[in-house]
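**Student:** Build the full structure now, drawing on both the sequences and the hints.
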Amino acid sequence: VQLQASGGGLVQARGSLRLSCVASGIIFSRATMDWYRQVPGKQRELVATITSGGSTGYVDFVKGRFTISRDNAKNTVYLQMNSLEAEDTAVYYCKGSAGVYTYWGQGTQVTVSS
56 VQLQASGGGL VQARGSLRLS CVASGIIFSR ATMDWYRQVP GKQRELVATI TSGGSTGYVD
116 FVKGRFTISR DNAKNTVYLQ MNSLEAEDTA VYYCKGSAGV YTYWGQGTQV TVSS
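Numbering (our numbering), first residue to last: 56 to 169.
Worth flagging that the hints you see were computed from the coordinates, not collected in a lab. Keep in mind that the hints are not guaranteed to be accurate.
Cross-link-like lysine to aspartate or glutamate pairs, in silico, EDC-like; alpha carbons within 20 Å at most [stated by the list, open to error]:
| # | residue 1 | residue 2 |
| --- | --- | --- |
| 1 | K97 | D115 |
| 2 | K97 | E140 |
| 3 | K97 | E142 |
| 4 | K118 | E140 |
| 5 | K118 | E142 |
| 6 | K118 | E100 |
Nothing here was measured: the structure is a model prediction, and the numbers come from that model.
**Tutor:** Okay, structure coming up:
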């Protein structure tokens with residue numbers, strides 16, 4: 056199983072980025088997919104989630120700014136991030152959950168300059 060995250064980079068405040076995470080080795084359409092983020096010295100925190108049925112959930116600090124989506128034909132989950140703030144700077148990870156198994160991607164760095 057492999058989750059490959061990409062799309063991070065350096066962006067100015069109020070800018071946008073779209074993260075992608077391509078999964079292989081799992082039945083993607085049955086997996087719940089999440090995006091997490093982590094800054095040095097802090098715990099990894101959930102940002103957004105999307106179920107196999109397409110239901111989505113967001114933490115309060117990204118509601119209205121971030122959108123999670125999935126393309127089962129491409130085994131890919133996306134995180135569209137708009138109106139980025141300096142506080143969004145972190146390493147972003149995708150996670151896939153299928154049955155009792157959980158898989159993590161390698162992370163992609165997002166840096167927002169103020």
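**Student:** Against this structure, judge whether each hint is valid.
**Tutor:** Status of the hints after comparison with the structure:
Of the supplied pair hints, the one linking K97 and D115 holds, its CA atoms being roughly 18 Å apart against a limit of 20 Å. For the given pair, K97 sits about 18 Å from E140 by alpha-carbon distance, which is consistent with the 20 Å threshold. A hinted pair counts as satisfied when its Cα atoms are at most 20 Å apart, and K97 with E142 qualifies at roughly 13 Å. As the CA atoms of K118 and E140 are separated by approximately 13 Å, the hinted pair is consistent with the 20 Å bound.
Between K118 and E142 the alpha-carbon distance is near 14 Å, which keeps this suggested pair within the 20 Å criterion. This hinted pair checks out: K118 and E100 have alpha carbons roughly 15 Å apart, not beyond 20 Å.
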